[in-house]
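Colleague: What follows is the residue order along each chain.
Number of protein chains: 2
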Amino acid sequence: MITFEKAHTEVMKNTASWGLETVHITASTDRILATDVFADRDFPPFHRATKDGIAINYEAIHKGINAFPIEGIASAGSPQVSLKSVSNCIEIMTGAVLPDNTDTVIMYEETEIKNGTAVILKKPQIGQNIHRKGSDEKQGDLLLKAPLKITSAEIGVLASVGISEVSVFKNPKVAIVSTGNELVDINQKPLPHQIRKSNSYSLHALLEAERIKADLLHLADEPAIIREKLSEALKTYDVLLLSGGVSKGKYDYIPGILAQLGVEKVFHFVMQQPGKPFWFGVHPELKTVIFSFPGNPVSTFANYHIYFKDWLQACFGLKSTAFEAILTREITGSETLTKFIKVKTHFESGQLFAEAIPENGSGDLTSLARSDGFVKIEAGKGTVRKGSCVSFIPTRKII
Amino acid sequence: MITFEKAHTEVMKNTASWGLETVHITASTDRILATDVFADRDFPPFHRATKDGIAINYEAIHKGINAFPIEGIASAGSPQVSLKSVSNCIEIMTGAVLPDNTDTVIMYEETEIKNGTAVILKKPQIGQNIHRKGSDEKQGDLLLKAPLKITSAEIGVLASVGISEVSVFKNPKVAIVSTGNELVDINQKPLPHQIRKSNSYSLHALLEAERIKADLLHLADEPAIIREKLSEALKTYDVLLLSGGVSKGKYDYIPGILAQLGVEKVFHFVMQQPGKPFWFGVHPELKTVIFSFPGNPVSTFANYHIYFKDWLQACFGLKSTAFEAILTREITGSETLTKFIKVKTHFESGQLFAEAIPENGSGDLTSLARSDGFVKIEAGKGTVRKGSCVSFIPTRKII
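Order-wise, the sequence lines are chains C and D.
Just so you know, the first sequence maps onto residues 502 to 900 in the working numbering.
Just so you know, the second sequence maps onto residues 502 to 900 in the working numbering.
Since the hints were made in silico from the structure, they are not lab data.
Mixed in with the good hints, there may be bad ones.
Which copy is meant is left open, so a pair is good if it fits within one copy or across any two.
[Claimed, not checked] Quick list of in silico lysine-lysine cross-link-like pairs, DSSO-like style, CA-CA up to 30 Å: (1) Lys840 / Lys514; (2) Lys564 / Lys751; (3) Lys639 / Lys766; (4) Lys714 / Lys650; (5) Lys639 / Lys845; (6) Lys507 / Lys690; (7) Lys751 / Lys623; (8) Lys624 / Lys730; (9) Lys749 / Lys623; (10) Lys749 / Lys615; (11) Lys671 / Lys714; (12) Lys585 / Lys714; (13) Lys788 / Lys749; (14) Lys639 / Lys690; (15) Lys730 / Lys674; (16) Lys898 / Lys820; (17) Lys810 / Lys714; (18) Lys615 / Lys810.
Work the whole structure out from these sequences, hints included.
Modeller: Shown next, in the form of structure tokens:
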């Protein structure tokens with residue numbers, strides 16, 4: 502049995518990568534950008550009017566002119582026009598190219614237009630209402646540095662530099678493998694001694710948030726079947742997420758069979774609660790990575806967030822973010838185990854507060870729906886007092 | 502021109518609803534649960550062993566027995582067995598039904614098994630290592646209260662009560678409508694006076710996070726075309742999100758044409774920055790709701806988060822969560838306008854800190870990729886000092 506810290510380090514040592522692919526921009530949200538993105542031209546690419554009104558040459562203001570005959574119009578999407586006489590003006594629309602021979606834009610609200618002449622009501626500032634060429638970014642500037650999770654803001658940048666096919670990191674092919682003869686499918690009516698599968702569906706949803714469409718497999722507690730199906734799965738998938746079958750029971754065949762199939766155990770059993778019987782290994786030739794979580798819902802859910810999420814980020818070269826929350830009630834840890842305690846949080850005045858929820862052990866599935874994450878209390882810490890700042894692992898979006 | 506507060510209130514008065522639908526559980530993540538979910542039986546449905554080991558009747562302990570001949574085995578997924586003699590034990594696996602006539606489970610680590618007899622190494626507690634029937638939830642208990650956003654934790658609950666088809670609120674049919682002759686598609690090489698569309702793709706990504714697959718339309722600045730296409734769109738969609746064409750320019754035809762098509766304007770122009778020329782209206786018969794945002798990328802992005810997100814939540818009966826962040830530098834607001842200022846945040850010791858990023862007006866698209874959200878500074882607030890707590894609108898996931 503190893504410590505939590507050691508287990509986490511071991512998992513993070515065994516990252517993998519699955520190459521790159523290109524996806525259409527509309528399918529790239531939440532994917533990990535794989536190549537840097539540069540400005541293909543200046544941003545904005547021209548002196549751009551930011552108001553609807555008139556464009557003038559400020560020399561006219563110096564000359565004391567305040568009534569400007571309108572010479573023409575500059576609309577957004579039209580090529581640049583030119584002001585012929587500095588005592589005239591050109592009507593201009595937001596987004597239009599600033600006409601040649603002009604340097605200042607006065608918005609309609611500060612003019613009065615009559616008989617083709619704009620009278621200005623207020624002395625303008627030279628250069629006002631112009632979003633200057635290259636003032637956001639210069640051609641060749643780095644706009645997005647890979648690796649980076651693509652969100653709506655990055656999508657806007659990708660679109661504006663013309664990247665409709667986005668280079669992203671390939672996601673692993675993942676199978677979620679449930680085990681346990683007590684499990685029946687959602688649609689079935691369980692007999693008194695049976696329960697429905699739930700871990701597989703929770704894991705499926707968690708992976709979906711990472712844009713990974715996982716396959717669901719189920720193994721009966723039957724060595725021959727387990728061996729055959731796992732052998733196949735090791736070749737087909739990059740990652741296996743198993744739940745169940747890794748404790749000390751008579752029918753916990755998984756560790757033995759994985760070893761027979763050539764998977765190298767990195768560790769089994771971690772000094773943590775929940776999630777202690779976690780088995781982790783890698784197939785040295787096939788490179789398949791196996792996260793074999795204990796079957797209790799809270800254990801699987803915790804270990805996914807504690808290990809798998811960090812590991813996946815690291816596979817893409819991303820650093821995981823560590824969060825802390827402030828306890829609103831004391832929490833007591835364990836002498837020997839790193840404890841992960843379910844908490845409900847609230848965010849107030851810029852501070853994240855957490856409070857342990859009543860819970861009933863690692864089989865207590867419904868408590869996960871009442872909690873927002875886990876706080877981590879290290880082994881031997883004893884009682885951590887109200888007001889303390891503790892490590893927090895969110896299991897849903899908080900902000 | 503109305504205040505921001507008034508505009509927000511008006512938007513929230515015009516919520517809509519689009520009925521219910523059922524989706525498969527694997528497609529229900531991030532959807533809004535529409536009906537309450539109750540426990541279909543006790544959770545757990547039987548006294549469930551939480552450890553691998555032996556099950557005994559505690560009477561034996563009272564009698565001083567510490568060596569228990571093994572009578573049989575109780576495995577997970579098998580019907581309940583029964584202990585015949587209180588001086589014997591039954592081997593039991595995690596997840597199995599506690600045998601009749603037993604009340605305590607001792608884990609393997611605290612026994613020594615030889616020649617079919619288990620000797621216990623440590624005096625057990627009566628009732629230990631049993632997850633008692635109904636101790637999490639009783640049959641009929643409310644497990645999930647609608648409306649509620651479905652995440653992986655709720656998926657686990659839905660699966661375990663056998664709901665494979667989930668009743669959720671229908672999302673609106675949304676069209677994203679870009680306008681402006683200066684815009685070309687991502688794949689096109691823009692001429693010097695043109696730029697590529699980006700707002701449509703950002704909005705598309707934002708709606709995708711709400712599980713709304715929006716259609717993209719583009720309108721040239723040509724009244725006849727706008728009229729025809731908007732007339733069609735008003736009938737086809739529940740919501741139109743427009744960007745551009747709502748300012749004071751000569752070619753800002755949108756407000757006029759919407760009025761001709763029978764859309765009732767709720768307001769136009771809000772005392773806010775960015776996003777001032779926001780036009781909002783509803784078609785009284787068709788019930789189409791129109792958010793017509795100004796075309797600048799920052800304006801559209803801000804108004805989506807400020808108005809549309811809250812409105813969509815309210816349409817499902819969900820309350821929006823208000824967040825605050827702590828300023829690490831002072832920020833100066835406006836005398837007359839509610840300001841939304843782009844900030845970069847960092848989360849430390851349970852606290853969310855925000856700092857304004859250098860910015861270049863509402864055309865500065867790339868600044869959105871450098872920021873995490875907006876802080877709101879009310880009109881007339883002047884300078885808000887370092888250390889102050891201010892309203893924060895996240896535009897990406899923070900925690």
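Colleague: Taking the hints in turn, state whether each one holds.
Modeller: Hints and how they fare:
1. Proximity of Lys840 and Lys514 under a CA criterion of 30 Å is satisfied intra-copy only: 23 Å inside one chain copy versus 47 Å between copies.
2. In this assembly of identical chains, Lys564 and Lys751 lie within 30 Å of each other by CA distance solely across copies; the values are 29 Å between and 97 Å within a copy.
3. In this homomeric assembly, Lys639 and Lys766 never come within 30 Å of each other (Cα to Cα): the closest approach is 52 Å inside a single copy and 40 Å across copies.
4. When the C-alpha separation of Lys714 and Lys650 is checked against a cutoff of 30 Å, the pair qualifies both within a copy, at 18 Å, and between copies, at 20 Å.
5. Proximity of Lys639 and Lys845 under a CA criterion of 30 Å is satisfied inter-copy only: 22 Å between copies versus 46 Å inside one chain copy.
6. Taking the shortest alpha-carbon separations for Lys507 and Lys690, neither the intra-copy value of 42 Å nor the inter-copy value of 53 Å comes in at or below 30 Å.
7. In this assembly of identical chains, the alpha carbons of Lys751 and Lys623 lie at most 30 Å apart only when taken from different copies (22 Å versus 88 Å within one copy).
8. Taking the shortest Cα distances, Lys624 and Lys730 never come within 30 Å of each other, neither inside one copy (80 Å) nor across copies (42 Å).
9. Proximity of Lys749 to Lys623 under the C-alpha cut-off of 30 Å is restricted to the inter-copy arrangement: shortest distance 18 Å between copies versus 84 Å within a copy.
10. Only between protomers do Lys749 and Lys615 lie at most 30 Å apart by alpha-carbon distance; the minimum there is 17 Å, versus 90 Å within a single protomer.
11. With identical chains, the CA atoms of Lys671 and Lys714 are at most 30 Å apart both within one copy (12 Å) and between copies (23 Å).
12. In this assembly of identical chains, the alpha carbons of Lys585 and Lys714 never lie at most 30 Å apart, being 62 Å within a copy and 49 Å across copies at closest.
13. When the C-alpha separation of Lys788 and Lys749 is checked against a cutoff of 30 Å, the pair qualifies only within one copy, where the shortest distance is 27 Å, while the shortest distance between copies is 61 Å.
14. In this assembly of identical chains, Lys639 and Lys690 lie within 30 Å of each other by CA distance solely across copies; the values are 18 Å between and 64 Å within a copy.
15. Taking the shortest Cα distances, Lys730 and Lys674 sit within 30 Å of each other inside one copy (16 Å), while across copies they are farther apart (43 Å).
16. When the C-alpha separation of Lys898 and Lys820 is checked against a cutoff of 30 Å, the pair qualifies both within a copy, at 18 Å, and between copies, at 15 Å.
17. Taking identical chains as interchangeable, the C-alpha atoms of Lys810 and Lys714 lie at most 30 Å apart whether they share a chain (15 Å) or sit on different chains (27 Å).
18. In this homomeric assembly, Lys615 and Lys810 never come within 30 Å of each other (Cα to Cα): the closest approach is 65 Å inside a single copy and 43 Å across copies.
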